[in-house]
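**Q** Please construct the entire structure, taking both the sequences and the accompanying hints into account.
Next come the chains, spelled out residue by residue.
2 protein chains.
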Amino acid sequence: MKPKILVIGSPLAVISQAEWVLFSSRYEVIEYAFATHDDFISSMKSGECFTIDGIMRVGINLPSGAVKIGQGWTRKFLDCFPPSLRVIVNFGHGFEQEDIEGLASRSIKFYNTTGGAEATATIGIYLIISAFRKLSIYERMVRNNEFLPALRDSAHSSRDPCGKSLGIVGMGVIGQVVAKQVAALNMQIHCLNRKSSRETLNDSKTQLPPMTLHDTLESLLQVVDCVILTCSYSKSTHHLLGNEAFFKMKPGMVVVNIARGKCIDEEALCRALETGVVSAAGLDVYENE
Amino acid sequence: MKPKILVIGSPLAVISQAEWVLFSSRYEVIEYAFATHDDFISSMKSGECFTIDGIMRVGINLPSGAVKIGQGWTRKFLDCFPPSLRVIVNFGHGFEQEDIEGLASRSIKFYNTTGGAEATATIGIYLIISAFRKLSIYERMVRNNEFLPALRDSAHSSRDPCGKSLGIVGMGVIGQVVAKQVAALNMQIHCLNRKSSRETLNDSKTQLPPMTLHDTLESLLQVVDCVILTCSYSKSTHHLLGNEAFFKMKPGMVVVNIARGKCIDEEALCRALETGVVSAAGLDVYENE
Chain A
1 MKPKILVIGS PLAVISQAEW VLFSSRYEVI EYAFATHDDF ISSMKSGECF TIDGIMRVGI
61 NLPSGAVKIG QGWTRKFLDC FPPSLRVIVN FGHGFEQEDI EGLASRSIKF YNTTGGAEAT
121 ATIGIYLIIS AFRKLSIYER MVRNNEFLPA LRDSAHSSRD PCGKSLGIVG MGVIGQVVAK
181 QVAALNMQIH CLNRKSSRET LNDSKTQLPP MTLHDTLESL LQVVDCVILT CSYSKSTHHL
241 LGNEAFFKMK PGMVVVNIAR GKCIDEEALC RALETGVVSA AGLDVYENE
Chain B
1001 MKPKILVIGS PLAVISQAEW VLFSSRYEVI EYAFATHDDF ISSMKSGECF TIDGIMRVGI
1061 NLPSGAVKIG QGWTRKFLDC FPPSLRVIVN FGHGFEQEDI EGLASRSIKF YNTTGGAEAT
1121 ATIGIYLIIS AFRKLSIYER MVRNNEFLPA LRDSAHSSRD PCGKSLGIVG MGVIGQVVAK
1181 QVAALNMQIH CLNRKSSRET LNDSKTQLPP MTLHDTLESL LQVVDCVILT CSYSKSTHHL
1241 LGNEAFFKMK PGMVVVNIAR GKCIDEEALC RALETGVVSA AGLDVYENE
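Chains A and B, in that order, are what the protein sequence lines are. For the first sequence, my numbering puts the final residue at 289, and the numbers step up evenly by one. For the second sequence, my numbering puts the final residue at 1289, and the numbers step up evenly by one.
Just to be clear, a hint being listed does not mean it is correct.
Pair by pair, the computed Cβ-Cβ distance ranges are [what the hints assert, rightly or not]:
{"id": "1", "chain 1": "B", "residue 1": "Thr1216", "chain 2": "A", "residue 2": "Gln71", "range": "48 to 56 Å"}
{"id": "2", "chain 1": "B", "residue 1": "Ser1158", "chain 2": "A", "residue 2": "Gln71", "range": "14 to 22 Å"}
{"id": "3", "chain 1": "B", "residue 1": "Ser1042", "chain 2": "A", "residue 2": "Ser157", "range": "37 to 45 Å"}
{"id": "4", "chain 1": "A", "residue 1": "Ile60", "chain 2": "B", "residue 2": "Leu1273", "range": "28 to 36 Å"}
Just so you know, these hints were derived from the structure itself, not from any lab. Glycine included, every Cβ here is placed at the ideal spot set by N, Cα and C.
**A** If you want it as structure tokens, here you go:
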């Protein structure tokens, strides 16, 4: 008997027709098409969904009339999931909005898709270059017909990331791609000596560039020219860069965040920028988006 | 007898004191301190500069009262250079403003400093990412309080350079650094099969990534997703990307120029952008700066 998978939305915008045909031949696919959350819950409690083995939430391309299942959905529906459910595959990033502990307590495995690592890392590289070189400022000046003032000022305030040191906080998939990309910019790489990342660092298959390891975030922040956050968001990384961190870091630091906005205390960051402790910040995310 | 070198300006802003002391011990250094160009010319014709072996033009940090020696100076002073002059080292980039042929006919070797290759290449990487992802547009939208419209639009129009192909036109020092940096972004690299660059490509010391070679610019432009100009400017590269090139290139091309503005016919580029032949352009230089 094929495993029974509830597919919420259609992945056809992100995978090929051939892949979808293959998937449909291996699994019994149930299409999600509920007009209300209550209908969905009822079905999970005694209807068609009561015997599903897995859920794949794509989120996009829902059938017309079907109500959206958004971020935080595993928290909302945890108590309604049928006893047969063993695995959830979620098209998304981050774990903080889902009830990972609750799912684990019910022996339901939870996976996010990971396809966006390169794209996210590339934004990190862009923000590192932009912040060191202050390119956003100069582009706005040039667009404002201030070509020569921008050129003159850039000769004094603009620095090249080449040869500078970068601290990567979070050596997951994205952090590893960032490490490889910035190594090509000739940046020296520093990271935290975490138990969870030591295996990755020592695995020759990952082909990571050489890195300087630090036992504490404080030790890392005291020496690097730039810190980039690529960690996941949790209680332990909430306001990871706050007053205390900004107080201890090497003055003139460049701060880049491609993780979650709430990993940085934005009020503290603004003060650090005003006092020059932080010379530039490249933010892909905000505390309140 | 130590070679006699005229040093125009002081390199102390760009090299260490120790390096300068070493240089001064190896050469007889003459400091340039002329209040007018005529004084300088007179000195080259019969004065202190009449017996110099070399000139190093730093250009910055001139003694007070000394008149500036700017771009195009070898053209201006060619006929006045003393017969003893054998070598010129110029702190600058590009050759198009200097009289390279005239210097060669007088057996005077001319060198530009090359220190800026990484910094220039890094701007190339920034512009490649920015143009593929359309980040400049979205940053301006976000600054204009259009966070959500920017986010929604970017999901459809923004592409990641990862996995795309890049044609590098000009495999000099800068082109080689660009090749190494974009290889880390997982871009496939194409370049022209020029006699001048074949040695570089086959030299294992340069550690260049694998590249697809093309016999003509047209062949390269027909297949790549992005073209970056890193060539020098000369008659043969004037308007290298003009109507003819835009007519033949793969539609939707991303165009990046970190070479000279005049390598692109800007009117033709604007038309190509309007018709969609070029999907985005990242320009570090303009035709008339």
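**Q** Please test the hint of 37 to 45 Å on the beta carbon pair from serine 1042/B and serine 157/A.
**A** Since serine 1042/B and serine 157/A have Cβ atoms about 40 Å apart, the given range 37 to 45 Å holds.
**Q** Could you say whether the range 14 to 22 Å given as a hint is met by the Cβ separation of serine 1158/B and glutamine 71/A?
**A** 21 Å, holds
**Q** Looking only at beta-carbon atoms, does the pair isoleucine 60/A, leucine 1273/B fall within the given range of 28 to 36 Å?
**A** 30 Å, holds
**Q** Starting from the hint 48 to 56 Å, judge whether the C-beta atoms of threonine 1216/B and glutamine 71/A obey it.
**A** 51 Å Cβ-Cβ, so the 48 to 56 Å window holds.
Violated hints for the displayed structure: none, as all numbered hints are satisfied.
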